[in-house]
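There are 2 protein chains.
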Amino acid sequence: MDQFRPRPANSTPLTPLTFLDRCATVYGDCPSIIYGHTTYTWKQTRQRCLQLASSISNLGIKKQQVVSVIAPNIPAMYELYFAIPFAGAIINSINTRLDARTVSVILTHSESKLIFIDYQSLPIVLDALSMFSPNTQKPMLVLITDDGCPTTSVGFGTTYESMVEKGDPGFNWIRPESEWDPITLNYTSGTTSSPKGVVHCHRGMFLIAVDSLIEWSVPKQPVYLWTLPMFHANGWSYTWGTAAVGAVNICLRKFDADVIYDSINKHGVTHMCGAPVVLNMLSNTPEVKRLKNPVKIMTAGAPPPAAVLARAESIGFIISHGYGLTETGGLVVTCAWKGEWDRLQGTERARLKARQGVRTVGFMDVDVVDPESGVSVTRDGLSIGEVVLRGGCVMLGYFKDPEGTAKSMRENGWFYTGDVAVMHPDEYIEIKDRSKDVIISGGENLSSVEVESILYTHPAVNEAAVVARADEFWGETPCAFVSLKAGMVGKVTEKEVVEYCRGKLPGYMVPKTVVFKEELPKTSTGKIQKFVLREMAKKMGPLRKSRM
Amino acid sequence: MDQFRPRPANSTPLTPLTFLDRCATVYGDCPSIIYGHTTYTWKQTRQRCLQLASSISNLGIKKQQVVSVIAPNIPAMYELYFAIPFAGAIINSINTRLDARTVSVILTHSESKLIFIDYQSLPIVLDALSMFSPNTQKPMLVLITDDGCPTTSVGFGTTYESMVEKGDPGFNWIRPESEWDPITLNYTSGTTSSPKGVVHCHRGMFLIAVDSLIEWSVPKQPVYLWTLPMFHANGWSYTWGTAAVGAVNICLRKFDADVIYDSINKHGVTHMCGAPVVLNMLSNTPEVKRLKNPVKIMTAGAPPPAAVLARAESIGFIISHGYGLTETGGLVVTCAWKGEWDRLQGTERARLKARQGVRTVGFMDVDVVDPESGVSVTRDGLSIGEVVLRGGCVMLGYFKDPEGTAKSMRENGWFYTGDVAVMHPDEYIEIKDRSKDVIISGGENLSSVEVESILYTHPAVNEAAVVARADEFWGETPCAFVSLKAGMVGKVTEKEVVEYCRGKLPGYMVPKTVVFKEELPKTSTGKIQKFVLREMAKKMGPLRKSRM
Numbered sequence: 001m002d003q004f005r006p007r008p009a010n011s012t013p014l015t016p017l018t019f020l021d022r023c024a025t026v027y028g029d030c031p032s033i034i035y036g037h038t039t040y041t042w043k044q045t046r047q048r049c050l051q052l053a054s055s056i057s058n059l060g061i062k063k064q065q066v067v068s069v070i071a072p073n074i075p076a077m078y079e080l081y082f083a084i085p086f087a088g089a090i091i092n093s094i095n096t097r098l099d100a101r102t103v104s105v106i107l108t109h110s111e112s113k114l115i116f117i118d119y120q121s122l123p124i125v126l127d128a129l130s131m132f133s134p135n136t137q138k139p140m141l142v143l144i145t146d147d148g149c150p151t152t153s154v155g156f157g158t159t160y161e162s163m164v165e166k167g168d169p170g171f172n173w174i175r176p177e178s179e180w181d182p183i184t185l186n187y188t189s190g191t192t193s194s195p196k197g198v199v200h201c202h203r204g205m206f207l208i209a210v211d212s213l214i215e216w217s218v219p220k221q222p223v224y225l226w227t228l229p230m231f232h233a234n235g236w237s238y239t240w241g242t243a244a245v246g247a248v249n250i251c252l253r254k255f256d257a258d259v260i261y262d263s264i265n266k267h268g269v270t271h272m273c274g275a276p277v278v279l280n281m282l283s284n285t286p287e288v289k290r291l292k293n294p295v296k297i298m299t300a301g302a303p304p305p306a307a308v309l310a311r312a313e314s315i316g317f318i319i320s321h322g323y324g325l326t327e328t329g330g331l332v333v334t335c336a337w338k339g340e341w342d343r344l345q346g347t348e349r350a351r352l353k354a355r356q357g358v359r360t361v362g363f364m365d366v367d368v369v370d371p372e373s374g375v376s377v378t379r380d381g382l383s384i385g386e387v388v389l390r391g392g393c394v395m396l397g398y399f400k401d402p403e404g405t406a407k408s409m410r411e412n413g414w415f416y417t418g419d420v421a422v423m424h425p426d427e428y429i430e431i432k433d434r435s436k437d438v439i440i441s442g443g444e445n446l447s448s449v450e451v452e453s454i455l456y457t458h459p460a461v462n463e464a465a466v467v468a469r470a471d472e473f474w475g476e477t478p479c480a481f482v483s484l485k486a487g488m489v490g491k492v493t494e495k496e497v498v499e500y501c502r503g504k505l506p507g508y509m510v511p512k513t514v515v516f517k518e519e520l521p522k523t524s525t526g527k528i529q530k531f532v533l534r535e536m537a538k539k540m541g542p543l544r545k546s547r548m
Numbered sequence: 001m002d003q004f005r006p007r008p009a010n011s012t013p014l015t016p017l018t019f020l021d022r023c024a025t026v027y028g029d030c031p032s033i034i035y036g037h038t039t040y041t042w043k044q045t046r047q048r049c050l051q052l053a054s055s056i057s058n059l060g061i062k063k064q065q066v067v068s069v070i071a072p073n074i075p076a077m078y079e080l081y082f083a084i085p086f087a088g089a090i091i092n093s094i095n096t097r098l099d100a101r102t103v104s105v106i107l108t109h110s111e112s113k114l115i116f117i118d119y120q121s122l123p124i125v126l127d128a129l130s131m132f133s134p135n136t137q138k139p140m141l142v143l144i145t146d147d148g149c150p151t152t153s154v155g156f157g158t159t160y161e162s163m164v165e166k167g168d169p170g171f172n173w174i175r176p177e178s179e180w181d182p183i184t185l186n187y188t189s190g191t192t193s194s195p196k197g198v199v200h201c202h203r204g205m206f207l208i209a210v211d212s213l214i215e216w217s218v219p220k221q222p223v224y225l226w227t228l229p230m231f232h233a234n235g236w237s238y239t240w241g242t243a244a245v246g247a248v249n250i251c252l253r254k255f256d257a258d259v260i261y262d263s264i265n266k267h268g269v270t271h272m273c274g275a276p277v278v279l280n281m282l283s284n285t286p287e288v289k290r291l292k293n294p295v296k297i298m299t300a301g302a303p304p305p306a307a308v309l310a311r312a313e314s315i316g317f318i319i320s321h322g323y324g325l326t327e328t329g330g331l332v333v334t335c336a337w338k339g340e341w342d343r344l345q346g347t348e349r350a351r352l353k354a355r356q357g358v359r360t361v362g363f364m365d366v367d368v369v370d371p372e373s374g375v376s377v378t379r380d381g382l383s384i385g386e387v388v389l390r391g392g393c394v395m396l397g398y399f400k401d402p403e404g405t406a407k408s409m410r411e412n413g414w415f416y417t418g419d420v421a422v423m424h425p426d427e428y429i430e431i432k433d434r435s436k437d438v439i440i441s442g443g444e445n446l447s448s449v450e451v452e453s454i455l456y457t458h459p460a461v462n463e464a465a466v467v468a469r470a471d472e473f474w475g476e477t478p479c480a481f482v483s484l485k486a487g488m489v490g491k492v493t494e495k496e497v498v499e500y501c502r503g504k505l506p507g508y509m510v511p512k513t514v515v516f517k518e519e520l521p522k523t524s525t526g527k528i529q530k531f532v533l534r535e536m537a538k539k540m541g542p543l544r545k546s547r548m
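Going down the list, the protein sequences come from chains A and B.
Letter 103 of the first sequence, counting from 1, is numbered 103 in the numbering used here, and no numbers are missing.
Letter 370 of the second sequence, counting from 1, is numbered 370 in the numbering used here, and no numbers are missing.
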């Protein structure tokens, strides 16, 4: 066979940015974004993104410089996912619920040159900037205003809309030179306290966007409700993916169950994504009626308790469950559903669906291995190991952290996730915990998630999280933090909860401590912040003479 | 921004072969292939492919050697699309309707080491081998037998099934070292008489397979009827694509309208592909009832006449129309449908759908340019230029033909298709002809396809093809070859056909010669062989004193 080499005609860099051009051609007059009383068409969205990209360039932003945005799921946020990389820059979207110190760390570490700020985040950003050391260059600021924006912000220099207006409508967006060029920089937030800068490239984001559409069988022109923050792993790549299929993007500044049900009824929502906390919110609403048309929800981010899955499905949500990390830019493992499972009982079905599943069609490999030896664990649903991944959407690496990059992306060809799982005999994986969330009690490794799933079946429990508490005898024992449903506060005791678990779990897995909280500490994406709870458990000191 | 480089965890070569492993995990007990009384499950299909790959290796086949197959759409053909590349080899599927001389040219040129032969093609292959020069090494032969196979073939050494049986069930299939490694070698057949060896790589076939699923919104577990020969551009990549979604592949040795309608009813077919000749076949069947459930057909390979489209849709087929070449491994331009077009009248809708359309989601670029200057033509639906393409599924090149490769894959980054088209103001392209099919009459470039589309609207016309005939005055004039519908032979005259066209076309486009044929010469994929007709027109000699 001849030695063929890539040529320009077949090696044009893969990038998800081309989706928008095509979408404006095919679905130009169809709605792209609906936000309150504002509606744009795909032609308008493309035009606005080009003009914005031109204005970003005119501010002196160079290729591969970082441009930040801190905003909720508003139209500007969606547009910036195209406009910033259209200008050749790297988009760094920042979680709106971070504190000023963390925002300051991110802006400094990323060397961000420009930041788009939703008016509600302005105080945090100004605080963050005040913490910069005197010699550190500050980013330029652009304010994103809105109908609800107080007039006091009007005096603020450049605004988002003025940049859109002043931009060149004939701007030629800047294509990546290589498909390995960076396109996003996401700081992981939440379950640990030290954020890391995850860098993804154009190729990776093209692949995950395309894969996520196939995996979920997303049809043309779906109605997509933005209940997943775009700043969370770029909305699992649906920021670009919705442009590939000409979707209607329903944007929301903030939401609760009522807002979601209203949107579903008003706009005919067909698809939405969210952490299990969103499912929980939807299924715990009193007086909720069965949906007229089924709505597909993709959930991930934490293993959804079986009881919550079952309740949401009874309302009419069709729930798919998957797994991914900021480092994979979206879901790379999903619980691909088998027709034969439809015949099973509700709880059995929910138990199967609570598993993370198998690699997606476009992803190359997933395994559960002994982290020391790299050997695959036995596929028995019991042997615990670390989830390892490989495929085109695994990140380029951690920004300015070659050591962290090398540690997770090993020479043996695998990305080590730090998540602990089992592989079932049918080759579906089930996450048991983050490595650091595993509780080691009397030499037994026990999964906090399993204990939580039992707590969730208790009729009074709203949310539950289990962490290790030091124990003088056993080393560690499970400590449960629980919030109760409305009206149940004071009506259930610590002892009752422990007894409830005792009937359903082996002795060593039964929580030896139960703490009732009004609300559990969460990240903006609905993940319970176990590191906060772990701190609380630490302050309690070691438990004495707990019984197994 | 740090300089990140690809690492093993994110640069695992893209390949469509991984689809089968995943499919066997998720849809293991579901039917993969149905062929007469034979049914396989996906677990069985994967197992058979691994065993076959092991036997191919055991025959001494090395990485990147060519292994051929000549067979219709039978289960073995489908399996070989995984088994041959599983062994690290390159699959070369050969059109079953070629003559012995061409097969001999292909086997020699490809240096094929092994050929799998459907029993019906055995005489042709033996003939072809007898034409080998004495010093040329012949490939090893393996016979594919079948229920219908005559017992006289039994004496023939190795059979396909014995290779499956003897193979190692634990064989580890050979992953490509690079995603740019070749996976297929397809000789273009048909409209020209000199076949060229188109080489595709793993990356390209992964990308087109994934793109074709999104483009057609293919759901999970469709029922796919194999009316498109797999040897035609690897079944437009659906050979691998059906494994990505766990489809049921309905295989057929041969088919006519009755067989297709029977399969639709018996198996609940949801999807099929085919040249317009298949549509024609389905819509010209007398007494055809409206389909109970709609069946999606993807058609390409030649611009479908508007009248045929309209008829097939009235029966209940949902027709999508696209464009691709063997050199792109599948469809890279499709007539993406706009909801607003549903409101239009039948003929107007058919006129729009007869256009090839816009680039697919996963493809990077398409344009219509002046072939000399490379400048884009005006987007007015009138200015004619050459279709140029770029994207990840454009071939590696032509085998042993660096000159031909360089000529079509130019330094300016485009692949030149040799197809002539216009671009409409809405950016949808419409193919007007192969470059060589354009007729130049009195200095006017005229599209034979446009003349044909008028001929197809004549109630007596079954099929029509127009080529250039030399003309003493005008240089060239259109010459129409026409076959008539059953019962219409002898009932329509050459003069009537000319008059019919005169009412609907400008004078210079009206055929000056009309030849009635019982049947038009076609390739196995239903494309009319214009080069044969051009030869016939040549033999007629130049036309004298034709009137415009």
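Do not rely on the hints blindly, as some may be mistaken.
Unchecked claim - Calculated lysine to aspartate or glutamate pairs in the DMTMM-like style (CA-CA distance at most 25 angstroms, straight line):
hint : chain 1 : residue 1 : chain 2 : residue 2
1    : A       : 539       : A       : 99
2    : B       : 43        : A       : 177
3    : A       : 62        : A       : 177
4    : B       : 220       : A       : 342
5    : A       : 527       : A       : 99
6    : B       : 353       : B       : 372
7    : B       : 522       : B       : 99
8    : A       : 266       : B       : 380
9    : A       : 220       : B       : 342
10   : B       : 220       : A       : 177
11   : A       : 43        : B       : 380
12   : B       : 292       : B       : 342
13   : B       : 353       : A       : 21
14   : A       : 43        : B       : 99
Don't read these hints as lab results, they were simulated from the structure.
Going down the list of hints, with the structure as the test:
no.	hint	result
1	A:539 with A:99	holds (23 angstroms)
2	B:43 with A:177	violated (42 angstroms)
3	A:62 with A:177	holds (14 angstroms)
4	B:220 with A:342	holds (15 angstroms)
5	A:527 with A:99	holds (17 angstroms)
6	B:353 with B:372	violated (30 angstroms)
7	B:522 with B:99	holds (13 angstroms)
8	A:266 with B:380	violated (40 angstroms)
9	A:220 with B:342	holds (15 angstroms)
10	B:220 with A:177	violated (36 angstroms)
11	A:43 with B:380	holds (20 angstroms)
12	B:292 with B:342	holds (21 angstroms)
13	B:353 with A:21	holds (21 angstroms)
14	A:43 with B:99	violated (52 angstroms)
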